[in-house]
Amino acid sequence: MLKTFSKGGIHPPDNKLSAEKAIEVLPPPEMVSIPISQHIGAPAKVVVKKNDKVKVGQIIAESGGFVSANIHSSVSGTVLKIEETFDASGYKRMSVTIKVEGDEWLETIDRKPEIIQECLLSAEEIIAKITTAGIVGLGGATFPTQVKLMVPRGMTAEVLVINGVECEPYLTADDRLMLEKGEEILVGVSILMKALNVNKAIVGIENNKLLAIANMEKLAKKFQGISIQPLKVSYPQGGEKQLIKACINREVPSGGLPISVGSVVQNVGTAFAVYEAVQKNKPLFERVVTVTGKSVKKPANFLARIGTPLTNLIEAAGGLPDDTGKIVSGGPMMGKALKNAEVPMTKGTSGVLILPTEEAKRKTVQECIRCAKCVSACPMGLEPYLMMPLSERKIFDKLEKERVMDCIECGSCSYTCPSNRPLLDYIRLGKASVGAIMRSRKK
Amino acid sequence: MTDIVIYTIITISTIGVIAAVILYFVAQKFQVIEDPRIDLVEEALPSANCGGCGFPGCRPFAEACVKAENLDNLFCPVGGNDVMASVGKILGKEVLAVDSKVAVVRCSGAPQFRKNTSIFDSPQGATLSCAMEHALYGGHTDCTYGCLGGGDCVAVCNFDAIHINPITQLPEVIDEKCTACNACVVACPKDIIELRTRNKKDRKIFVSCVNMDKGVSAKKACDVACIACNKCFKVCPYNAITISNNLAFIDADACKLCRKCVSECPTNAILEIGFPERKIKVETEKKETEINLVEMSKKNKENE
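As given, the protein sequences belong to chains W and A, one line each in that order.
Just so you know, we're using the numbering used here here: the first sequence kicks off at 1 and counts up by one.
Just so you know, we're using the numbering used here here: the second sequence kicks off at 1 and counts up by one.
Bound-form chain A, shown alone (with noise of 0.2 angstroms):
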């Protein structure tokens, strides 16, 4: 009997050790290089694995890193200038300061705006219903560039901070959460969501609409759209707002954040967000949209 164990343990001791011998040599050939400062990047990042960067994760991030000559273009939108610095670090590479970005959705279509003129039958159970109801037809109101409110983004968003506000249907950032990791901007089929460059106290002010129809069929599809009336073109004293294709834009590196344009919008499309409340009211009557729209955040933000 102790015979059979004896034996049974030299077998596998020699076995084991021939075995350790082969590994040692055949690791010996067969040995990965890699540079011990990949692992050290690696480590300084968020480890989101959200592609923000364009890169398929973290560590292929980091072994770009590694491997690129400078790191001006290279940056972690997740982690932001700060993480950046502590890899320039490890790495001994300079690194240029970044703007830090936030996303933006362009659209106050909410339903009592924006007439719902038709209803999109998707499938029970669809994840991708605003990708589906995109590749059908224009959408469920009138106007063929506006929100769906089908989620996709709410979908794609690894950190928590877009969110559809059930009473205005449409998609709301959370700044303090947004990481600007791009997820949501690419996921959006109608090309709403803009990443727009961090202002202080998350003040901005900004078009919120994306339609390019002519301005009279563009009014009869929502109260809240953009028309191209020009008045805000006129009234910036900073050149900050372009209009192109029957659409205004406002250039948030040009915009200096002082609300000329926002009174002067017919259609109140210009939002101000993150702002004190205005002392003198203008027009009453005017702004009552936009309160709507304010209050109605507010009271989603009670709620939760």
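In isolation and in its complexed conformation, chain W is listed as follows (with noise of 0.2 angstroms):
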């Protein structure tokens, strides 16, 4: 019996196009766009002028308070100017528009392929470097990892949980990573253990990359402390709250964080880009994307800079499909649908996924039959029937009391409903009103 999460959890179909295609090097685009803020925390601040020349992994915009990260430029070429354009959140910000001349890698960066097994570096000089590099979780969420490795008073961790589930549909990017880059990924996951002093690690892989899980079990036997887990396939494992259920056993409680139970959780993409930042000297400035859909004619893994344009990406993979319904930035269930495609890839564009007419519809709303399967999808426990309706009604005091913060946003509530209701809809506008009024309380 393999192990999962206790409460919920849906079973979308797989839908894994691209799961066959190795990681392709995308060359640099004619232009890049790097908005300042990739991150969760405060925008970056921008060092760099207009017409000045960068080079690859130069820094062109420097962290901007505790939660935030460092920006580097992706390509070399000349800054063509810096001012608010769209990104994928649908607002104009600000992001620096660079030309593309050449492909001049900073000196620093090692751009040998061997692979560097050993890390003499303490773990004050590794979290440095990783600040330095400006990585951020790669799952998605995008908080900034050097945070999430200094490890507040009076608290100890006790295991590093790293998450290689990828259980949003159509999305391959880590699988392809775990397939291909093993070795580099373990390196990472043995740095990030010293960094945060524990001596115990455990990669929870879904079960349907069987490949992966071959792969990764092999390599880890050189590892100390490094284990592989299994997983059953259920989504949201790959939420923090669920994964460290899933592999660990421990709950963490209501509006606690992960190290509340003694352990600290990360993307294997993040752990790659570690493991590049600290053993190459390399800065976040590429990540691999999935382009996928079901009407893509060549769905593909590409490893591409950031700040690329998302129509390069879509261009790369056969082009737009001509039943196109929505531009997705992310997986089906918790990405967001795009304004336009010509909005650049940032370090969370975990993938692009293009829906055809048909799936982007949204369904007819029917009535409430309190059926309880949101109830039973919810991966939090949480009510989603009732907080709708609160939520439409703005009793925001009752929707606290049902813990709407505790809520992830997975959507499981909206994809398991047979009345097609817009629960998670509501539910997000609610939790946006009660935080805001919770925020307020504190001041």
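Wrong hints could be hidden among the right ones.
Unchecked claim - Pairwise CB distance ranges, derived in the manner of DEER restraints: (1) Asp191(A) x Leu2(W): 47 to 53 angstroms; (2) Ser419(W) x Pro111(A): 29 to 35 angstroms; (3) Phe223(W) x Asp191(A): 52 to 58 angstroms; (4) Asp99(A) x Ser260(W): 37 to 43 angstroms; (5) Ser6(W) x Ser118(A): 36 to 42 angstroms; (6) Leu257(W) x Glu264(A): 33 to 39 angstroms.
Quick caveat, the hints were computed from the structure, so don't treat them as lab data.
Every residue gets a Cβ at the ideal spot worked out from N, C-alpha and C, and that includes glycine.
Can you join these two chains into the complex? Each is in its own frame, and there are hints to help.
This is the structure:
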């Protein structure tokens, strides 16, 4: 019997169309526009000027606070403009547009393919290197990695949980990374273990990625303290709290952080970025992106530079299909439909999903029949059927008592509802209002 | 048979008398002494329970009025100065006259000026569509500041004073019905609606735009956007116009309704409403957009 989390969960069709496609290196585009706010927290401060020449890996914006991250140039060329352009959020954000000239990397970056196993740095030095490299959580939440590695006083990390679950349908970026860069990931994991001062790490991988599990299990024998944990397929297993429950059978209390049960969660993509930053001096300026969809000609996994327009990625995957209904940044469950496809890819872009018109349509909403399917699907043990009308009627005090702030916005409730009710739409709205009320109360 | 009836009557009457005696003493013991003036003040209020005064309803406002030392910070926007005067009379307190206000929608982005660049796929039957669209992204046009046209303001209005014009797809305020209760201002996620001081004959001049982007990108997104060109600022003889964050703002209290700024605006972002038609038409071409808007609202009124 495979492990999984205890409460709720759903089983959307896998649709991992690009699982057998090796990671292709996408050449830099003609122009990149790099947003300075690609992470949770304060936006970075721009340190380059118009007409400056930059090289690949050169810092272009410095971290703007404790919870923030450095931004590096992903190409070499000239800074054309620094102004507000549309990004994947649908709002205009400050971004640095660079015209690409050649592909000149900083000399400090080690571009040799050999894998460096040994890391003699201390925990502080590792964290400093990760901070300089501007690494953020690559699972999608983009929380600055160095903040997660600084364990608050009075708490101790006991175990590092590595997220190789990739529970979102369609996406295969982490799957391919584990197959092709397994050893690098494991070196990255051991570096993270050193930074956190823990001697145990568990890599959770869902059972639909058998090749990745076999590859990682074979490689993990060489590393001390790292074990691979195959998990039963269930969405949203990639959620921090769900993964901790599945891997080490501990439950994070409501409103608490994973560190309160002695664990820290990092994505496999992040572990790979940590390896490159610490061992190869390479800042985070490229990542693996899945471009997929049922009518896409060549679903693929690309290693693309941050700031590449999504149109370039779609073009490389065979162009935009005629029956496109929505273009989603991320997976189908938690991804966000885009306003236009010219927005740049960022550190958090794990995939580009092109949905045909048929699938992108919203279904007719009917009355709630009190079947409680949403209650049994909710991985956080909440009652979505009750929270939706509370949010609709703006009864925020009761909504707070219903623990709306625990909602991880995974969308399992909306997915499972037989009446197609827009449960998450309203809960998300209520959550934002309740969050604002709670913050104003603290002040 | 009669016995049963008599016994029943006696028993029930006795219980009644005992209960009455108990209740009398209980009422004495737990009596809540309430200022009788609260009821009087409440009666004088319009009982709209709209919350425009900042209190949950008319009674809490009446209580606050009775408790307060002076009525300077208490004002019922629905009743206006007349109601406040009668409240002052009841309480024997002085009331300062407050300028009456009216809600103004600061966006002219009708579809012909502001192209739709995406479609917001809202859940069917949603009542909170503006808030929902705002929570997800900047809006279905390239202007991330302008009206979303979802009608959240219409849904909250207790006085039937704001409606979406089907042609312009923008909300329009019926000045006679608007009580300046602030409900629509709070409901609008884009902060487009503003309460401005009411002028004679409901005349008003205001910058009908809230776009804080730089001129070029504002103009690209919408033909009638304020591009912060400073022309109105320079022409204003009363220093009523300020420009900050790439946006002009006309202070309603300082504005003397001279209309000089209106003809100066290159994008027709400044609107004049309620004025008689100008005798000499300056550059008819330039004013085309505004005339369109006025005609549209006229047509709409005729339709109603």
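Do the hints match the structure? See the list:
A beta carbon spacing of about 51 angstroms between Asp191(A) and Leu2(W) agrees with the range 47 to 53 angstroms that was offered as a hint. The hinted range of 29 to 35 angstroms is satisfied by Ser419(W) and Pro111(A), whose Cβ atoms lie roughly 33 angstroms apart. Range check, Phe223(W) to Asp191(A): about 55 angstroms between beta-carbon atoms, so the 52 to 58 angstroms window is met. Between Asp99(A) and Ser260(W) the C-beta distance comes to about 55 angstroms, which lies outside the given range of 37 to 43 angstroms.
Roughly 40 angstroms separates the CB atoms of Ser6(W) and Ser118(A), a value that falls within the hinted 36 to 42 angstroms. Between Leu257(W) and Glu264(A) the beta carbons are some 57 angstroms apart, a value that contradicts the proposed interval 33 to 39 angstroms.
The structure fails to meet hints 4, 6 from the earlier list, while all remaining hints are met.
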